[in-house]
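With the hints as constraints, model all of the structure from the sequences given.
Top to bottom, those sequences are chains A and B. If you're matching positions, the first sequence starts at 1 in our numbering and goes up one per residue. If you're matching positions, the second sequence starts at 1 in our numbering and goes up one per residue.
One thing to keep in mind: the hints can contain errors.
Copies of the same chain look alike in the list, so a pair counts if it works inside one copy or between any two.
What the hints assert, rightly or not - Okay, derived cross-link-like pairs now, SDA-like style, lysine to any residue, Cα gap no bigger than 20 Å in a straight line: (1) Lys15 x Ala51; (2) Lys129 x Glu182; (3) Lys11 x Pro58; (4) Lys15 x Phe48; (5) Lys129 x Asp97; (6) Lys15 x Gly167; (7) Lys129 x Gly96; (8) Lys172 x His149; (9) Lys129 x Thr66; (10) Lys129 x Ala194; (11) Lys11 x Ala63; (12) Lys15 x Ala196; (13) Lys15 x Ser69; (14) Lys11 x Ala52; (15) Lys15 x Leu193; (16) Lys129 x Asp34; (17) Lys129 x Glu49; (18) Lys11 x Arg22; (19) Lys15 x Ala41; (20) Lys129 x Leu67; (21) Lys129 x Gly99; (22) Lys11 x Asp55; (23) Lys129 x Gly153; (24) Lys15 x Val160; (25) Lys172 x Asp34.
Keep in mind that the hints were calculated from the coordinates and are not lab data.
These are the residues of each chain, in order.
There are 2 protein chains.
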Amino acid sequence: MITSPHNGRLKLIRKLQERRHRERAALFIVEGEDLADAARAAGVAPEFELAAGVDVEPRLLDAVSTLGSGTRVIGVHRQRWSEPGGQLSVYLHGVGDPGNVGTIIRTADALCDGPVVLGPGCADPYSPKAVRASMGSVFSRPPARAPLHGLAGTKIALDVRASSALGELEAKPPVVICLGAEREGLPDRVAALADATARIPIRDDGPESLNVAIAAAIALHDLRNRMAGHG
Amino acid sequence: MITSPHNGRLKLIRKLQERRHRERAALFIVEGEDLADAARAAGVAPEFELAAGVDVEPRLLDAVSTLGSGTRVIGVHRQRWSEPGGQLSVYLHGVGDPGNVGTIIRTADALCDGPVVLGPGCADPYSPKAVRASMGSVFSRPPARAPLHGLAGTKIALDVRASSALGELEAKPPVVICLGAEREGLPDRVAALADATARIPIRDDGPESLNVAIAAAIALHDLRNRMAGHG
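Quick look at the structure:
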């Protein structure tokens, strides 16, 4: 039983709250029983796992947890990355909110066969907040890292200012849906690499835009439905 | 210029971070310039507004802000509530996460003509986090409060275990999409008040469910598209 806050494993867990340490070590932390269960269900084993009251004094585990008091378990896992691919997938550029990145990973796992491909400027999918929002989909469908120009298939950039509605475009697989930051959208030089630009129709007197995870979900659902029509 | 932390307006702002004070006073706080602009664009005036360096010492405004340091403006607004209605709207029961409630208010404002109707157990749509996630849609389309049995139209309960896919149901307006908490779904006694139960089809080997705001968005987009086909 770990009884000292200076224990090496506790120190590592604390360090892995920072992106640069996660990237250097290619590790990440998995907090709480639900996520530990999700890893197990996906057949993924931790490097090590500390259970409160079994492996470590509860107050010491709480002290290194981003969940606060009452944390039952923290695991340290190796980061895994997919290769881009699939008939339908998502590419993100500059999506900085970890909750949105995690939610998009979960949604893609539910709706399409390809991974979420992360371009420059995205939140770390292995941050505690993103892992939590993914609800374990980082285990069953790890994200990929690649530049847009390296991806195969028809690249459709979502843009609220586009003249075509998404439903007007052909949905012949493979398709990659490309989304940018919520306010700025995709930079012009990135949008120029797409094969088409489309918008999700919204009410004229409604908000300026949709949340990026909401837009990704609607586009995936829409294209998935229409692709089911293709032989 | 306010120079004392004991000023009555600052005290009120601090109190309004708590739900019970917000409900008692029927007021809420609007933090930051983007949301202040959204209120103005919707033609909604604050009860009062404090700008850093103009009306109040910046450090005093920071001290009562949930945004942290650098807050430029905080307004106090009166809560407004819509009546249920519209050809397409959303009913939430037990959706406890304020970010999800705010995101659904924004999404409904973008995709349907009716408000988001809040039943029991939902997060306060006027909490700072929900207001922020709504991106100002609480101003242009305030939420409503009502029990499910009081709503007019066809009530469709979303449930991952339903045998019918949403696309198989008729989409004759008016329709109310009903969603419950992410894990538990709608309680049986609430689901029993719905006219139909449907699921959003997801991959068999994907996650168990979609995030509740994602599910609401997909359902609204799907029904809106199909309703456009009805005369």
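Status of each hint after checking the structure:
Only within a single protomer do Lys15 and Ala51 lie at most 20 Å apart by alpha-carbon distance; the minimum there is 18 Å, versus 38 Å between protomers. For a Cα distance limit of 20 Å, the shortest separation of Lys129 from Glu182 qualifies both inside one copy, at 18 Å, and across copies, at 17 Å. In this assembly of identical chains, Lys11 and Pro58 lie within 20 Å of each other by CA distance solely inside one copy; the values are 15 Å within and 37 Å between copies. When the C-alpha separation of Lys15 and Phe48 is checked against a cutoff of 20 Å, the pair qualifies only within one copy, where the shortest distance is 15 Å, while the shortest distance between copies is 44 Å.
Taking CA atoms no more than 20 Å apart as the test, Lys129 paired with Asp97 passes in both settings, with 9 Å inside one copy and 15 Å between copies. In this assembly of identical chains, the alpha carbons of Lys15 and Gly167 never lie at most 20 Å apart, being 46 Å within a copy and 47 Å across copies at closest. Taking CA atoms no more than 20 Å apart as the test, Lys129 paired with Gly96 passes in both settings, with 12 Å inside one copy and 18 Å between copies. Proximity of Lys172 to His149 under the C-alpha cut-off of 20 Å is restricted to the intra-copy arrangement: shortest distance 19 Å within a copy versus 44 Å between copies.
For a Cα distance limit of 20 Å, the shortest separation of Lys129 from Thr66 qualifies both inside one copy, at 9 Å, and across copies, at 19 Å. In the homo-oligomer, the alpha carbons of Lys129 and Ala194 never lie at most 20 Å apart, since the shortest distance is 30 Å inside one protomer and 35 Å across protomers. Only within a single protomer do Lys11 and Ala63 lie at most 20 Å apart by alpha-carbon distance; the minimum there is 11 Å, versus 32 Å between protomers. Proximity of Lys15 to Ala196 under the C-alpha cut-off of 20 Å is found in neither arrangement, the shortest distances being 42 Å within a copy and 50 Å between copies.
Proximity of Lys15 to Ser69 under the C-alpha cut-off of 20 Å is restricted to the intra-copy arrangement: shortest distance 19 Å within a copy versus 25 Å between copies. Within a single copy, Lys11 and Ala52 get their C-alpha atoms as close as 16 Å, which meets the 20 Å cut-off; across copies the closest is 40 Å, which misses it. Taking the closest pair of Cα atoms, Lys15 and Leu193 never come within 20 Å of each other, the shortest separation being 38 Å inside a single copy and 50 Å across copies. Within a single copy, Lys129 and Asp34 get their C-alpha atoms as close as 14 Å, which meets the 20 Å cut-off; across copies the closest is 24 Å, which misses it.
When the C-alpha separation of Lys129 and Glu49 is checked against a cutoff of 20 Å, the pair qualifies only within one copy, where the shortest distance is 19 Å, while the shortest distance between copies is 33 Å. Proximity of Lys11 and Arg22 under a CA criterion of 20 Å is satisfied intra-copy only: 13 Å inside one chain copy versus 41 Å between copies. Proximity of Lys15 to Ala41 under the C-alpha cut-off of 20 Å is found in neither arrangement, the shortest distances being 27 Å within a copy and 44 Å between copies. Taking the shortest alpha-carbon separations for Lys129 and Leu67, both the intra-copy value of 10 Å and the inter-copy value of 18 Å come in at or below 20 Å.
Proximity of Lys129 to Gly99 under the C-alpha cut-off of 20 Å is found in both arrangements, the shortest distances being 6 Å within a copy and 14 Å between copies. Proximity of Lys11 to Asp55 under the C-alpha cut-off of 20 Å is restricted to the intra-copy arrangement: shortest distance 15 Å within a copy versus 46 Å between copies. Neither within a single protomer nor between protomers do Lys129 and Gly153 lie at most 20 Å apart by alpha-carbon distance, with minima of 31 Å and 38 Å respectively. When the C-alpha separation of Lys15 and Val160 is checked against a cutoff of 20 Å, the pair qualifies neither within a copy, at 39 Å, nor between copies, at 38 Å.
For the identical chains of this complex, Lys172 and Asp34 are neighbours neither inside a copy (37 Å) nor across copies (39 Å), given an alpha-carbon limit of 20 Å.
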